[in-house]
Amino acid sequence: MTLRIKKNRLLLYAGLLACIIVLPFVVRDPYFIGMVNFIIIYSILCLGLNLILGYTGLLSLGHAAFYGIGAYATAILMTKHGFSFLPSLIVSGLLALFFGFLLGLPTRKVRGDYFCLLTIAFGEIFRLVTQAWISFTGGAMGIVGIPIPEVLGWKIQTEIDFYFLGLSLLGFTYGTLHLLTESKFGRAFVAIREDELAASVMGINTPMYKILTFSIGSLYAGIAGSYLAVYQTTVTPSNFRLEESCLMIIMVIVGGMGNLAATFLGVSVMAVAIEFFRPVPEYRLLIIGLIMILVLLFRPQGLLGAAAFKD
Amino acid sequence: MFIDVLIVGIMVGAIYTLVTIGYSMVYGMLKLMNFAHGDVYIFGTLLCYTLLAQAHLPPLLGILIAALAGGILASMVEFFAYRRLRAAQHRMISMITALGAAYVIQNASELKWGSQVLPFPSLFPSQLVTVLGHQISVTPIITLAIAVFFIVAFNLFLNHHKMGKAILCVSQDIPTSSLMGIPINRIISMVYFLGGMMGVVGGILYSASYNAISLGMGFRGTIVAFTAAVIGGIGSMSGTLIGGMILGISENLISVYVSSSYRDSIMFLVLIVILLIKPTGIMGKVEQDKL
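So the sequence lines, in the order shown, correspond to chains A and B. Read in this note's numbering, the first sequence has 144 at position 144, and its numbers run on one by one without any break. Read in this note's numbering, the second sequence has 590 at position 279, and its numbers run on one by one without any break.
Don't take each hint at face value.
Among chain B residues calculated to face chain A with C-beta under 10 Å, some are [as the list claims (entries may be wrong)]:
#, residue
1, M387
2, F391
3, I404
Treat the hints as calculated values from the structure; they're not laboratory data. From a predicted model like this one, the values you see are computed outputs, not experimental measurements. For glycine and all other residues, C-beta sits at the position ideal for the given N, C-alpha and C.
Working from the sequences, and respecting the hints, build out all of it.
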């Protein structure tokens, strides 16, 4: 019986994978592929954020800064130092990991809303510095003319190429996070989320796990940023405003915290909603704000949440 | 030169204190980070701009209407976005709805006023007076006097009026105050109302002394209020004054002697350092986690 269920599941996954690979060849509309690429970038970001928010309950409103660190690292390395894409991608991820580790360190002492404020301050400092440090980051104009990335001889130029690049990064993200959350580490994360005190009494090193999740979550934001840099060919400070961090938070919450697969649902729902209201860009924030309020008033655990916020 | 910078710094500090009071009260009472605070006061200030510069109302009437509107908007935000969630499982939920409310107000104000910098009219004569051999503009002195008047009045209200005492009770313990017959919902609405009102007065004083107002000052105002409240110790009135003053004076010294483009970065850096060293602030008490 169990074997049959497993077999069915395998078939389901194989079918899903086949659909995903065939998708850009069936729907050749570049506008549609562009939107899917947008969903892919935010899925990578939100998977990392879901690890932080859903598995250890840290509210981070500075996720866009790690996204920006990755993007700027790739942009600067590729335009000014002649790096190719893969090394830049790795450096971007590691740099975001390092800054995530630094910002994660205070979780030992600074709790709850103070930590949230710390992440806001970090995000704003990042944005203000990228605006003010013109010689290094290009100021408000940002960095333009990021070259076409090349991975093992594969030149990534069209929307479809970027779709597959993003898809492989997303696969890497989901795969590693899935392994992580199913491991001993994942069970420790859940224990901390459910009851931090009980977890620490059981011998789980809660401060260490919190720092760990925070840095790992940031790593994926760095990877997403690196992808954004080559996809857009420009990076500007306005890509990494607090608004973006809020959008990611609300995507994770709409999908459901602590459930990795639900992240895709949350990102897609929000992406479609934003796309739907694109003809009225002046109402964008109003709509995001209203969705934030309404979702939390009526369904704080999200559509497929494993756990709601609790004390 | 230094004295002038210092006087402007003290004036800005007093204004920041005014903006922070309501914020700090709400936080001390509900442990809720009111992200909408800055956008509420910027809405009131923009409304005042319209009333004064376009409708040409007498300044006092315009300020009164704007302050009342800010207060009502703050209570409305409380009613729609926070009240239902007060009993919710986790405070973070209302923090996120607070951000949502901030976006809604910010977007609505942007639809009406746009996001460019608008010329706010001066409210005070631009005379110079000689104090201790220094030529000083009269504007910062009047602004300072008004801000100090409001701070003192609010403190008297808090400590001597029945309503003020009820506010202090609620901020100590909500369930017990409720058992003592204090109408919790009405008191909380009142705190939001007063906080919004004083925020608008602060915003008007700030905009009038710099002759400028823009929507972007809203979110900055929220962060300023939170930083000042954290520096001084959240919920403490004297702490709010200390925090506002430290922030106002250091900000002006940095703008003049270092660089104004790094002014906000340095403010955030100060916030981070204080959170790391003493998260409870200068006048704050250590809070124990309840098990």
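Outcome of the hint check:
no. : hint : in the structure
1   : M387 : violated (13 Å)
2   : F391 : holds (8 Å)
3   : I404 : holds (5 Å)
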